[in-house]
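Student: Residue numbers (the numbering used here), protein chains in the order written: chain G, 3 to 365; chain V, 2 to 324.
Check each hint, because a few of them may be wrong.
Rough simulated footprint, nothing fancy, chain V against chain G, three-plus residues with beta-carbon under 8 Å [unchecked claim]: (1) 100-106; (2) 199-210; (3) 258-269; (4) 274-280; (5) 314-328; (6) 344-357.
Incomplete in silico selection of chain V near chain G, CB under 10 Å [stated by the list, open to error]: (7) Ala-48; (8) His-62; (9) Ser-105; (10) Val-118; (11) Ser-291.
Everything labelled a hint here was simulated from the structure, so no lab data went into it.
All C-beta atoms, glycine included, are put in the ideal place defined by N, C-alpha and C.
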Amino acid sequence: MELYFILVITALSCNLPGIWLVLRKLALLSDAIGHVLLFGIVIAYLITHDAQSIWLKIGAALAALFLVILVEQVQRNRTVKQDAAIGLTFPALFSIGIILSTAYLRDLHLDVDRILFGIPELLTLRRVKINRFDIGSVASLTMSSLLLLNLLMMILFYKEFKLSTFDETMAYQFGYKPRLLHYLLMTLVSFTAVGAFDTVGPILVVGFMIIPAATAHLFAKSLGKMFLLSSLLAGIAAILGTFLAQKLDTNIAGMTSIILGCQFALAILFRPKSGLIANFIRRIQQKHQLHEWMLLVHLAHHKNTEDEILENRAKDLKLHLSWPDRQIQKTIRTLIQKNWITETDGLLRTTAAGDHEITNILR
Amino acid sequence: MSLDVPNTAILPIFGTFRDFFDNSTLVRIVIGTALLGMVSGALGCFAFLRRQSLLGDGISHAALPGIAIAFLIVHDQPLWLILGAASAGILATWLMQIIVRYSSLGFDTALAIVSSVFFGTGMVLLSWIQGHVRGSSSSGLEKYLFGQAALMIEKDVQAIAITCTIIFLILFLFWKELKITIFDPEFAASCGYNVPLLEKLILALLVLAIVIGLESVGVVLMSAMVVAPAAAARQWTNRFGRMVFLAAFFGAVSATVGSLSSDYLATKRRSIPTGPMIVLVALSIVFCSSLCWRCIYQFKRTFLSDRSRKETGSILSQNTIGK
Numbered sequence: 003m004e005l006y007f008i009l010v011i012t013a014l015s016c017n018l019p020g021i022w023l024v025l026r027k028l029a030l031l032s033d034a035i036g037h038v039l040l041f042g043i044v045i046a047y048l049i050t051h052d053a054q055s056i057w058l059k060i061g062a063a064l065a066a067l068f069l070v071i072l073v074e075q076v077q078r079n080r081t082v083k084q085d086a087a088i089g090l091t092f093p094a095l096f097s098i099g100i101i102l103s104t105a106y107l108r109d110l111h112l113d114v115d116r117i118l119f120g121i122p123e124l125l126t127l128r129r130v131k132i133n134r135f136d137i138g139s140v141a142s143l144t145m146s147s148l149l150l151l152n153l154l155m156m157i158l159f160y161k162e163f164k165l166s167t168f169d170e171t172m173a174y175q176f177g178y179k180p181r182l183l184h185y186l187l188m189t190l191v192s193f194t195a196v197g198a199f200d201t202v203g204p205i206l207v208v209g210f211m212i213i214p215a216a217t218a219h220l221f222a223k224s225l226g227k228m229f230l231l232s233s234l235l236a237g238i239a240a241i242l243g244t245f246l247a248q249k250l251d252t253n254i255a256g257m258t259s260i261i262l263g264c265q266f267a268l269a270i271l272f273r274p275k276s277g278l279i280a281n282f283i284r285r286i287q288q289k290h291q292l293h294e295w296m297l298l299v300h301l302a303h304h305k306n307t308e309d310e311i312l313e314n315r316a317k318d319l320k321l322h323l324s325w326p327d328r329q330i331q332k333t334i335r336t337l338i339q340k341n342w343i344t345e346t347d348g349l350l351r352t353t354a355a356g357d358h359e360i361t362n363i364l365r
Numbered sequence: 002m003s004l005d006v007p008n009t010a011i012l013p014i015f016g017t018f019r020d021f022f023d024n025s026t027l028v029r030i031v032i033g034t035a036l037l038g039m040v041s042g043a044l045g046c047f048a049f050l051r052r053q054s055l056l057g058d059g060i061s062h063a064a065l066p067g068i069a070i071a072f073l074i075v076h077d078q079p080l081w082l083i084l085g086a087a088s089a090g091i092l093a094t095w096l097m098q099i100i101v102r103y104s105s106l107g108f109d110t111a112l113a114i115v116s117s118v119f120f121g122t123g124m125v126l127l128s129w130i131q132g133h134v135r136g137s138s139s140s141g142l143e144k145y146l147f148g149q150a151a152l153m154i155e156k157d158v159q160a161i162a163i164t165c166t167i168i169f170l171i172l173f174l175f176w177k178e179l180k181i182t183i184f185d186p187e188f189a190a191s192c193g194y195n196v197p198l199l200e201k202l203i204l205a206l207l208v209l210a211i212v213i214g215l216e217s218v219g220v221v222l223m224s225a226m227v228v229a230p231a232a233a234a235r236q237w238t239n240r241f242g243r244m245v246f247l248a249a250f251f252g253a254v255s256a257t258v259g260s261l262s263s264d265y266l267a268t269k270r271r272s273i274p275t276g277p278m279i280v281l282v283a284l285s286i287v288f289c290s291s292l293c294w295r296c297i298y299q300f301k302r303t304f305l306s307d308r309s310r311k312e313t314g315s316i317l318s319q320n321t322i323g324k
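Chain V on its own, in the form it takes in the complex:
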């Protein structure tokens, strides 16, 4: 029995790896989701540190009416759908900022209001489309809500790759400005940077990354892809540069492991959705990192505090003896 376990456990994994490069669909999905994980992880750090982690959730809900309107105008053209979603997302973030500035309500309330109203509008538009436009069914909607990485085609991967390159290029070019804006907007303004513009740039990049990811990971889970890698990376470092780098790494790893394991666990009788699997892997990375650091901290504290107590005790006793 104990000899059987490694055989059954390891061999199929080797098999999967050998098949990996033969299976072009799987390669496509892994590359696409890994790129997505990388870019959303890196940008998630900005939202995480500004205490706006749920922005991802809000934006992905708010994108629905944009998609619906784009569908009404140009029908099923992926690029236009993405543009529609992005413009709805940007409009939503803008409205949130207005609400926060001109009322006593907090960011969380503004987010809840805008995302539920936008999603409601999207629902009305969709029900209208389903009733009035021929050849439209709710399958597209389901794809948007839960995401279907399995349907990723080569064009999608190309689009993701191009967007990722653009986003990382902008991050690289404006690194110093974005960093200072995140941590100390007043100081950034006094240095002569255009803080409102930089903040809009961060939001626009985030919206772009989320909208690109919606199709493969889905609305609810995209928000986790923004928060989780950043939260995991934050456990390991206090430096922003390392945090962004680590978050991108964690995002890519969780996407790769998640999509491979969803492929590996699926059998003919049951299918395992890719998006939720990726999110679960990302969240378990957060959990393990946090657990790991808690253990280290606990260990250090008991170890160090014992020694320091002994030392102070001996110093005290020496002093009293001396006197």
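Only chain G is shown next, with the shape it has when bound in the complex:
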């Protein structure tokens, strides 16, 4: 039960800063931060030589902030755009981390599985006790306090974040400090990433930050609704993912990111009006309508002229329109059904209703 609680709390606390990352088009920074934490942990370990120290976490958070600053410095070179700046900086820190850890930390067992995937299954084992009274696991306490911190910051600086995200110039004119807000957001992101890193691993951190926010972005018309919807989606995915992973005996982090992906896929497929399926249906409808109109206009054009018998016979339409047979038959059938044309002895003639429709089309 506590496992579900931890996963949901983690999902919600990752989701809050993640929404701003998606809106600010900084989604990949979360991915980069997830990779850079190793560098901070290794450096902190080399200084403190204590695998349990809180300094490892602080080192990881500092490494994430260092990355954010580094990305901005690299971008000052005009030929290097933001994506390239991210792509250049995080592998640098990551490879330094790997080299240091393989060269100097052979005795410290840095478990690959734990660093890359996280093992949520073991979370409830480490517990905090005060006077022998069990008040909960370390993970649930850290994540709850992170969630509170994120929530507090979002409520306090909602207006400032909103304005500086959508219109930085205007925020600047109003006397807000967009740069400072950017660093505040990045601090929140890196703290949350460090906390959740231990819990669910970097891949699911990226998943929780970006995917529910992106799914909500497809639907929501306002920022408030987007916050609600994406928190709801993240919570559902966390519960469903944990449940399925335990049923099927697989990796919780992987299963939850599959659920998140399914949510997004369903959203993009079945979204009303602009979803993939709605789009497909509308295109087919438009195609049929165009066929009907073209045939109707063709018939009307030659109606009551000398070559009407040549042009408007159902059999010879193939020659004049160069359409496939099936398409002609189908279009004629629908037009007759709609009572826009009549067929007498193979000759097609528009009806009064059809003529009226043509004036509408050609207007």
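Following the hints, position chain V against chain G.
Tutor: Then chain V, alone, in the frame of chain G:
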């Protein structure tokens, strides 16, 4: 003391070079990684200029489920694993394009979504494989994640060489078409080229290069091998042809220097992984190029602006005197 320094610094390097051709493992690694660096550097220019530098990162993450499924079907056959990874990578790029086209989300968000979902799927599949298929351990996974150039065998080098030849041949044959598609897709379409097909061709080549490199450089570092040579080459030139050529050169140089230095720095007590070393060399080339050009620019600006100020000043004073 000052006399000792050159002795200790240079002699072992000479020693390394003398041993170089005796040591067939090292030759193999250097040739293999240099070819990889060349091809990923050249193709990286396309991604770099389209502002999709992180495509390498996305594709290399997305390849994991492909590898896992291929492993489930045919077990440990390198060629099939590569094919599986390539098809997963191509599927991932296709999905990214669909997301960008049918939503208001940007390319970066699409990349983050697809790569994390694919990697998650891969993790689930792998944990299933480790639980259910006998004789599988996480060693293969570790090799995939961090890359182990040291385990490169002659077959791998041959595979890399063949793929490199194919990729460069295609680049050479379709050079004009690919170039125009990168810089001006609308113009290319109006010239009658099949732009969507050419874009797919670029992506497919990139996926192929990344997948081939995964085994020796690893997931995270393959993305740097795509970006870094291109970024370094971009500092030196404004022409695309020269940029691709330079990027291939930088890629090859950084791979050679990186694998040699990882071999040279390693002792019995500590080993230095090859992939990260290559990436560090590539990134330091970027850093040096950028620094170099910043210095030149600064120098030119101070020098030229002083002269021009003097000239305009003298012209102004002449004019006022004349009047």
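Student: A separate judgement is required for each hint: does it hold in the structure or not?
Tutor: We went through each hint and held it up to the structure:
1. Requiring three or more residues with a Cβ within less than 8 Å of a Cβ of chain V, the coverage given for the region 100-106 of chain G holds, as 5 such residues are present.
2. Against chain V, the region 199-210 of chain G contributes 4 residues with a C-beta closer than 8 Å to a partner C-beta. That satisfies the three-residue criterion, and the hint holds.
3. Against chain V, the region 258-269 of chain G contributes 6 residues with a C-beta closer than 8 Å to a partner C-beta. That satisfies the three-residue criterion, and the hint holds.
4. Counting residues of the region 274-280 of chain G whose C-beta lies closer than 8 Å to any C-beta of chain V gives 3; at least three are required, and the coverage claim holds.
5. With 0 residues having a beta carbon nearer than 8 Å to a beta carbon of chain V, the region 314-328 of chain G misses the requirement of three or more and the stated coverage is violated.
6. Restraint check on the region 344-357 of chain G versus chain V: 0 residues with Cβ-Cβ distances below 8 Å, three needed, restraint violated.
7. Annotation: interface hint on Ala-48 (chain V) holds; nearest CB of chain G at approximately 9 Å, less than 10 Å.
8. A distance limit of 10 Å between C-beta atoms decides the matter here; for His-62 (chain V) the minimum to chain G is near 8 Å, and the interface restraint holds.
9. At its closest, the beta carbon of Ser-105 (chain V) sits 7 Å from a beta carbon of chain G; the interface hint therefore holds under the 10 Å criterion.
10. Annotation: Val-118 (chain V) was flagged as interfacial toward chain G, and the flag holds, the nearest CB pair being 3 Å apart, inside 10 Å.
11. Interface restraint check: Ser-291 (chain V) against chain G, minimum CB-CB distance 5 Å, threshold 10 Å, status holds.
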